[in-house]
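Protein chains in written order, with the numbering used here: chain A, 1 to 314; chain B, 315 to 741.
Treat the hints with care, since some could be wrong.
[Stated by the list, open to error] From the structure, some residues in chain A lie toward chain B, with a derived Cβ separation under 7 Å:
1) S56
2) T93
3) A99
4) A111
5) S112
6) A114
7) A116
8) L191
9) P195
10) P196
11) G197
12) F234
[Stated by the list, open to error] Computed far set for chain A versus chain B, every beta-carbon distance over 12 Å:
13) Y21
14) V40
15) D92
16) H121
17) E200
[What the hints assert, rightly or not] Which chain A residues stay away from chain B? Per the calculated CB distances, all over 12 Å, these:
18) K6
19) I75
20) L90
21) A115
22) R120
23) K123
24) E135
25) H167
26) R169
27) A171
28) R172
29) E199
30) K204
31) K236
32) S273
No lab work stands behind these hints, which were simulated from the structure alone. Here a beta-carbon is modelled for each residue, glycine too, at the ideal position from N, C-alpha and C.
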Amino acid sequence: MRWKRKDLLDLESLSLQELEYILTTAASFKEVTGRQIKKVPALRGKTVVNLFYEPSTRTRVSFEVAAKRLSADVINIAAEVSSVKKGETLIDTGKNIEALKADIIVVRHSASGAAAMLARHLKANVINAGDGWHEHPTQALLDIFTLREKLGRIEGLKVSIIGDIAHSRVARSNIWGLTKMGAKVTLCAPLMLIPPGIEETGVKVTDDLDQALSEADAINVLRMQFERDEAGAFPKAWEYFKTFGITEERLQKAKKDIVVMHPGPINRGIEMSSEVADGVNSVILEQVTNGIAVRMAVLFLVAQAKNGKKANSN
Amino acid sequence: MAKKRILIKGGRIIDPDGDFDQIGDILIEDGLISHRGDAQGSSADTVIEAKGKIVMPAMVDMHVHLREPGREDKETIASGTTAALRGGVTSVLAMPNTNPAIDSPEHIELLSQIIKKTAHIEVLICGTITKKREGLELSDITALKKKGALAITDDGSSVDDLELMRKAFQEAKKCGLLVICHSEDKKLSGDGAVNLGFTSTRLGLKGISKESEYKRVARDVELAKETGARIHIAHVSCKESIEIIARAKQQKIAVSAETAPHYFTLCDQAVLGFDTNMKMNPPLRGKEDLEAIKEGLRQGIIDAIASDHAPHASSEKDIEFDRAAFGVIGLETELAVAITELVEPGILSWLQLAKAVSYNPAKILGIDKGKLSVGSPAEIVVISPDQEWVVRKEAFLSKSKNSCFLEKKLKGQVIYTIHQGQVKWSL
């Protein structure tokens, strides 16, 4: 197939073929990152701008490494030191970055839809690195990539996503990606952290952790974002750990080779014990490594789409 | 003052007053309809050939934000009433959430002066329920009425304080003034941006529950029952509200209701993609609500269609969805949208449409409009019912362009708008 999308904004709108294509492309880039010389000239002469309106180390660095391995020039903009504080709108900021001849803008923003809005107004490729509670497509892609690498397939797998689903863009992207690829997804959280209507995506919902663990081939454990608890209605950290925390003891009831994922950063002792985070089932660090290959694939593909478009119009 | 004689010839005359639906002529003299039926032999200064056209009362839009005074960058009385003429509207009720708010006789005077100088149609005045629309202290409701307000509302906000609202209803009842209710419990709707449900979940946006609307509708209806005040529920968007209003009407509580074209045309799925022109309050609801709104109009539970014309500058719309302003413009599209979505598929007859857009709102506001009987003021719209057109941003006469119907193909084109016996707009 040929990649046609100028932007990667979400997984909801991707077809199964497109998902597969990204994962296949990522696999070939993973091979590259295993070589002695880890760099390819695929994006030489291109400029990638990381425009981050929210603090992020992991995702930002991962995109930076990915872009550099593709030989692109990378510029990092952290919103707190930019003109954002002077009242410039997101669209204006985007247009200014574009005027500096940026080819690809990777954006992280606290408002759902921010990446989509930029994409509508810019000719540059836009990659969503997380927008509000909406989506975080590259995180889900790297989760799925890791899972497929570990278990050889996605179709038919039972995957439980555990934690604050309501406020999680990681959960939403995982739900779309996994269900499209044929996994059976269960969400497990205190019911107040399950967003309305989510069953319409085809997932099951439970607030019983043992049930969510019992048949799962893999679990994806989300970070509890206590900072989002405006209403003071979240369970206390210790209470949450007691009911929903993943411990070795809880895992004894699960499949022996269950794959344990976490998008990071981990709150040790809140959503997961240290023993589990560092244990034999954990693939948390492999997720980080795979993030580079997946983001190389996404950067590479959206850039292709743009080149293709230009070639056609000339 | 001798005005021109206008003859509208051979159109399909729709007069909701008396359920009149016949081909015929209308003669206008001195601003009034002087003759209806066969006008052969009558001389006229202007003859409008209306064969194959619909001739009905011009619209009375009882929910319009003209933004003046205060936000003349978004709309003025001059620009808003020009847009109204294009849409077939010759009477509007101007919402009082201006700056200053229309909360005193002095502010009515200020507004009246602007209207007198710049309005192209009849702009009717609505006062606020509370001073500065803060929900804390009642406006002098009797004084507002004396100065010419036809209704009171804190539109944009609901009065949360039950006791204060009770007093407002009692005052309004005493002086015979209509209370228009923006029924929303802000404690429940919070800082939501879209309908609560699968759509808000998909978009990762905070939701606005239907409960935040219908629980407040129920409260307002209950207060109307208790006080005997005459109330009108603004911008009804969901099924449950309609059910409450239907029950209230059965109980003979003095309640009427309106909805806006977007609520019978679009559902919350239109927001997927984060188009801020799909952001309004109340939000677009689910499919079953959309169907309930149509059915409510068909059964007459919802009395009126009003635009809730809410102009906003692009700087307030071309931003992040959750920060963008609520509201859409509607004066120039409402009639065509109603024809396309309601008359064309056979949900409403032309007579029912004319009731919903002119006769009923006129009755609710107590003005002598919305009819085409001999002796009535000549407030008329001539429509080409089969003519299709596409909503274009550049074509809007309103100062703002925030329409939720951009690029939509509509059927039914206003070709003449007659106000006070004069052709004020023609295609």
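Failing hints, ascending? 1, 2, 3, 8, 12, 15, 16, 17, 20, 21, 22, 24, 25, 26, 27, 28, 29
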